[in-house]
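There are 2 protein chains.
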Amino acid sequence: MDKQVVETLKKNRDQYLKQMIEFLSIPSISSDSTRKADVRKAAEWLAEDLQKGGLENVQILETEGHPVVYADYLKAAGKPTVLCYGHYDVQPVDPIDKWNTDPFKPVIKDDIIFGRGTSDDKGQVFMLAKMAEAILEAKGELPVNIKFCFEGEEEIGSAHLDAFVDAHLDLLKADVLLVSDTTMLSMDQPAVSYALRGLCGLEVRLQGTKGDLHSGVYGGAVQNTLHAMVELLSTLHDTKGHVTVDGFYDQVKPLTDEERKTCEELSNDEALKKELDVDTLYGEEGYSTVARIWSRPTLELNGVFGGFQGEGLKTVIPSTATAKITCRLVPDQDPAIIGALLKKHLRAHLPAGVKLDVELMDHAEPFSMPVDHPALKAAHNALEEAFNTKAILSRQGGSVPIVNTFHDKLGLAPILMGFGLDSENFHAPNEHFHLRNFDRGMLALTAFLFDLPEQMK
Amino acid sequence: MDKQVVETLKKNRDQYLKQMIEFLSIPSISSDSTRKADVRKAAEWLAEDLQKGGLENVQILETEGHPVVYADYLKAAGKPTVLCYGHYDVQPVDPIDKWNTDPFKPVIKDDIIFGRGTSDDKGQVFMLAKMAEAILEAKGELPVNIKFCFEGEEEIGSAHLDAFVDAHLDLLKADVLLVSDTTMLSMDQPAVSYALRGLCGLEVRLQGTKGDLHSGVYGGAVQNTLHAMVELLSTLHDTKGHVTVDGFYDQVKPLTDEERKTCEELSNDEALKKELDVDTLYGEEGYSTVARIWSRPTLELNGVFGGFQGEGLKTVIPSTATAKITCRLVPDQDPAIIGALLKKHLRAHLPAGVKLDVELMDHAEPFSMPVDHPALKAAHNALEEAFNTKAILSRQGGSVPIVNTFHDKLGLAPILMGFGLDSENFHAPNEHFHLRNFDRGMLALTAFLFDLPEQMK
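First to last, the protein sequences are chains A and B.
Start counting the first sequence at 1; every next residue gets the next number (full-length UniProt numbering).
Start counting the second sequence at 1; every next residue gets the next number (full-length UniProt numbering).
These are computed hints drawn from the structure, not numbers from a lab.
In this text the structure is predicted, and so the values were computed from the model without any measurement.
It is possible that part of the hints are untrue.
The list makes no distinction among identical chains, and a pair is therefore deemed to hold if it is satisfied within one copy or across any two copies.
Below, a list of computed lysine-lysine pairs in the DSSO-like style, where the Cα atoms sit at most 30 Å apart [as the list claims (entries may be wrong)]: (1) K10 - K377; (2) K314 - K344; (3) K98 - K314; (4) K343 - K240; (5) K274 - K344; (6) K253 - K314; (7) K355 - K314; (8) K409 - K253; (9) K314 - K210; (10) K240 - K344; (11) K36 - K314; (12) K344 - K273; (13) K377 - K253; (14) K41 - K11; (15) K52 - K343; (16) K273 - K261; (17) K210 - K273; (18) K3 - K344; (19) K377 - K457; (20) K41 - K173; (21) K52 - K273; (22) K355 - K274; (23) K355 - K273.
Just chain A, with the same shape it has in the complex:
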């Protein structure tokens, strides 16, 4: 770890936190059209801060929605270029009455900062900006070339990011993508991810009789659409938690022995049961809990509904029923192929007396990179150094759609170095961020920049 940078970070900590509170106080809620000016204000604050910090070529670049803040520092000739991604927009604050403090008046208590965006993602965006500023202050130069791309629409689905990247391919060209918008495995367990699950979503609609019927007058004569739905959905899994759709697992890359071992070691079933208040965990037989989350595809019912939902009973035979399904996919599953297999299965297992309508909806490719990628190695080293403990190679159960955008359009391998925790209430009231991980994160980020040129030689 570079001593001068460590000293600079220590010396400037109070000032950084003051600035972070200023940044977090701007209510940059991207989904709220009445906050449009505030979203821009946050972009302007960030641009000005990058400018003051010594970054060059600082720009607020327009999109059809909220703008992108860009800055760079490209003076490390022959060294790798790191493109840093984050987002400066935040989630709405409802339900506001569940907050203990004003979401846009951040407060620090017991080394935890409370406020909207502390963890997701303004706090982490701020870290990326300050990392560069601190190194420039301490050393007068950066060990790598750096580019920042901070968007303002992540919380509304990054609607214009694809087009933005397409329009700025040269500007964004880099060797490594550094994303600080993820969480750590746990407070003291650093990890670097090399794979993400993808997604294939669909809506299944069944139509029976042309209208709802009285169960006394017609009960027994016609297919009940809810019976048909239950029967159809029950064919999707066997009793061992496997998905029974023909070909569903055909493209799934098997776990290596080491991956399997890591997953077993990281599975803390007792803790998870306690956290979720259940007597037992459940999933595909033959895999540990972490293996099931990281490396196995799932087929989940996200919503099922039909018929009467009010209080008491209503003796109706419902004529329609709907199910919302998403599959989490793993390398090398193809969402289009999985969608087609699902459609085929549903058609083949359709009970008598109902019509089927399947609509394929959202999808995202799963992602993975070679575990021996040099940037992964640099991240691994940096995390071990900053957290002073063994770092692990992990996967993620969820998707990070922007990773696919940058990978597909710019060929960039992502380093997912985020310092939030799942327990920090992002998207919920009382969002917070542990300053202990702010400190260790700043060390890890700077260590990563210093080690990267060596690893990528």
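Assemble the complex: chain A is given as a structure, and chain B must be docked to it using the hints.
For chain B alone, coordinates are given in the frame of chain A:
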């Protein structure tokens, strides 16, 4: 058929219809507390009409809700006493914009009268009152003793009828119960029912993790409550439409060969498929459609819901799911026993990882009377005479809860002589009633009264 009565009905038809329109114009919506005065006004109109028609002992009897209109004529010494039941309250009229005419300004078009309550049940209550009036006018006496009990709360579950009957056991004592609040099999097919299905309803709630989870972060680790619900509900039927709950059919009385034959003859599957716009009917293997509706118990899902129901997808693992179930029961099934069997089945088939909560809700005993009951014979004869075609003995797929009230408390066998049609939009916009069945119904009702003493000798 008594010629003088037939002449009187013919002579008075226009006057009767004018009076019926007056009665139907009173918006006696029992569920609407702002219509309380209108409900009473309808009771008063009815009481006054019975008084004018020559009935005696006319009273408006209070309950804790809307009142009961009572009247009698008890001068046929040694002859049977017929207690006539109907209700003068009506359903709400929403959605009002779907009505082609004002629901409370009845109009007659092509021999059909349109308006709220025309078919259910003010039109039929009016027929019972006029039947007595016409016979008294024509003959100066009635062939039987008669009592009227018209309630004002049928559309809100007859909330106070049990207590009312308990409080007036002597007043309501009779030999036969005549109910005009049901529908005919079809326009030209008279039938008299000897059995009704009962009901056993329950709500099933499953609870998995303590809150909804992100399907990326946790998908594969825990039971999805909707998966558990689908799996649990799919155990309730086999692939042949039989209910698989242990003991479910143990008390079911098998059909006689004649009943089976009647059901087969009455099953018009092609017409029903067309009516309901389905390619195929569906139900328990081995029984005709009518046999399934009339004489076989069913287990129907009336509502199932859990998770996300909005537009698009939400990658959530739902923590709760609910199912609403009602069973239609046949003689001699006991709702309490069936409820207990269902609970046992659900507990025994509960998937891992969820907690089960079952609440038994509504229930009604199935009902049946001997097919050789003399009052049934009188009804049968009367229908054949009035409709000039063969009448049939039928069952009903639904329940008529007040039948159990009168049977259990007064020991009365019900004659369900109703003249509505299922297609007449009761409970819906544009309710109507065919005056052809008003005319034939009036003949049938009077013929029943004249034949009853002979049959019950």
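Hints, verified against the model:
1. K10 - K377: This pair counts as within: shortest intra-copy Cα distance 26 Å, inter-copy 101 Å.
2. K314 - K344: So K314 and K344 pass the 30 Å test across copies only (23 Å; inside, 34 Å).
3. K98 - K314: Cα proximity of K98 and K314: across copies only (22 Å, versus 35 Å in one copy).
4. K343 - K240: Classified as both: same-chain Cα gap 22 Å, cross-chain 25 Å, threshold 30 Å.
5. K274 - K344: Classified as between: cross-chain Cα gap 29 Å, same-chain 39 Å, threshold 30 Å.
6. K253 - K314: between (48 Å within a copy, 27 Å between copies)
7. K355 - K314: Intra 24 Å, inter 24 Å, cutoff 30 Å: intra and inter.
8. K409 - K253: Within one copy only: 24 Å inside a chain, 71 Å across chains, cut-off 30 Å.
9. K314 - K210: Answer is both; intra-copy 18 Å and inter-copy 29 Å each pass.
10. K240 - K344: both (22 Å within a copy, 24 Å between copies)
11. K36 - K314: For K36 and K314, only the inter-copy Cα distance (25 Å) is at most 30 Å; the intra-copy one is 46 Å.
12. K344 - K273: Between copies only: 27 Å across, 36 Å inside.
13. K377 - K253: This pair counts as within: shortest intra-copy Cα distance 22 Å, inter-copy 76 Å.
14. K41 - K11: within (28 Å within a copy, 86 Å between copies)
15. K52 - K343: neither (55 Å within a copy, 69 Å between copies)
16. K273 - K261: within (21 Å within a copy, 58 Å between copies)
17. K210 - K273: Between copies, since 10 Å is at most 30 Å while 45 Å is not.
18. K3 - K344: Close neither inside one copy (61 Å) nor across copies (69 Å); limit 30 Å.
19. K377 - K457: Close inside one copy (12 Å), not across copies (102 Å); limit 30 Å.
20. K41 - K173: Within one copy, since 27 Å is at most 30 Å while 83 Å is not.
21. K52 - K273: Neither way: K52 and K273 sit 48 Å apart in one copy and 75 Å across, limit 30 Å.
22. K355 - K274: Classified as between: cross-chain Cα gap 15 Å, same-chain 43 Å, threshold 30 Å.
23. K355 - K273: between (40 Å within a copy, 14 Å between copies)
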